Amino acid sequence: AQSVTQLDSQVPVFEEAPVELRCNYSSSVSVYLFWYVQYPNQGLQLLLKYLSGSTLVKGINGFEAEFNKSQTSFHLRKPSVHISDTAEYFCAVSPDSGGGADGLTFGKGTHLIIQP
Amino acid sequence: DVKVTQSSRYLVKRTGEKVFLECVQDMDHENMFWYRQDPGLGLRLIYFSYDVKMKEKGDIPEGYSVSREKKERFSLILESASTNQTSMYLCASSLILWGIQPQHFGDGTRLSIL
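Top line first, the protein sequences correspond to chains A and B.
So in the working numbering, spot 65 of the first sequence is number 65, and the numbers just go up one at a time.
Count along the second sequence from 1, add 116, and you get the number used in the working numbering.
In short, the hints are calculated from the structure, not lab data.
Quick caveat: nothing in here was measured; it's all calculated off a predicted structure.
Just so you know, not all the hints are guaranteed correct.
What the hints assert, rightly or not - For the chain A half of the interface with chain B, some residues (derived, Cβ under 8 Å), not all of them:
1) Gln-42
2) Gly-43
3) Phe-106
4) Gly-107
Stated by the list, open to error - The list that follows gives simulated cross-link-like pairs (lysine-lysine, DSS-like), each with its CA atoms no further than 30 Å apart:
5) B:Lys-119 x A:Lys-49
6) B:Lys-173 x B:Lys-187
7) A:Lys-49 x B:Lys-173
8) B:Lys-134 x B:Lys-171
9) A:Lys-108 x B:Lys-119
Unchecked claim - Okay, the calculated beta carbon distance ranges per label pair:
10) B:Ile-212 x A:Thr-55: 15 to 25 Å
11) B:Gly-179 x A:Gln-10: 28 to 38 Å
12) B:Ser-181 x A:Pro-12: 33 to 43 Å
13) A:Tyr-39 x B:Gly-156: 17 to 27 Å
By construction, the Cβ of each residue, glycine as well, lies at the ideal position given by its N, Cα and C atoms.
Take these sequences, add in the hints, and give me the full structure.
Dropping the structure here:
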């Protein structure tokens, strides 16, 4: 079994400021890691994913995330946010093999609020 | 581009009604999923299907059933709707069951049970 913890339910930040959304996970096996974004009144879309290789992964809209195996973290960052980044962000983890209902586990989400 | 279409964006039903939520995907994906999304709880998996007529329970299947008669369509059924099933319901599909390939989501159905 695995679990995902998003430490902040809400993160307010001023426009053009940097932001970091935190995600920690626990798993007894190796994992793949994902960040999804949900804009108001829409479904989720993939922002970026870590499968293997370089621990720094770049996604859409200028976001990036760093996988830290020793700290079991996958924090999401953007150096300068825009009003259009206002959304709910979900961290998710999947075991790198096998399946079943334990496959993809989502965190509870972080609401990013951009203030002008 | 993958398109996952949920038949209704908003739905209002009464307690005790049988409710059908429909989802269609156009990318020939083997796997389809139903989640419910509630504030502060994130996404919770209700059921998933890895092939036509095949289904597996997720984390919270109680009070729900599903139907997958065709590959592109996955229906969620609330057998006798209750007020605690008021929620946002999200459908998703993926090429591979878990892992490398991401899930593609519909825009959601916001269901209110009165």
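Going down the list of hints, with the structure as the test:
| no. | hint | in the structure |
| --- | --- | --- |
| 1 | Gln-42 | holds, 5 Å |
| 2 | Gly-43 | holds, 3 Å |
| 3 | Phe-106 | holds, 4 Å |
| 4 | Gly-107 | holds, 6 Å |
| 5 | B:Lys-119 x A:Lys-49 | holds, 20 Å |
| 6 | B:Lys-173 x B:Lys-187 | holds, 18 Å |
| 7 | A:Lys-49 x B:Lys-173 | holds, 26 Å |
| 8 | B:Lys-134 x B:Lys-171 | holds, 20 Å |
| 9 | A:Lys-108 x B:Lys-119 | holds, 25 Å |
| 10 | B:Ile-212 x A:Thr-55: 15 to 25 Å | holds, 23 Å |
| 11 | B:Gly-179 x A:Gln-10: 28 to 38 Å | holds, 30 Å |
| 12 | B:Ser-181 x A:Pro-12: 33 to 43 Å | holds, 41 Å |
| 13 | A:Tyr-39 x B:Gly-156: 17 to 27 Å | holds, 19 Å |
This entry satisfies every hint, going by the numbered hints stated previously.
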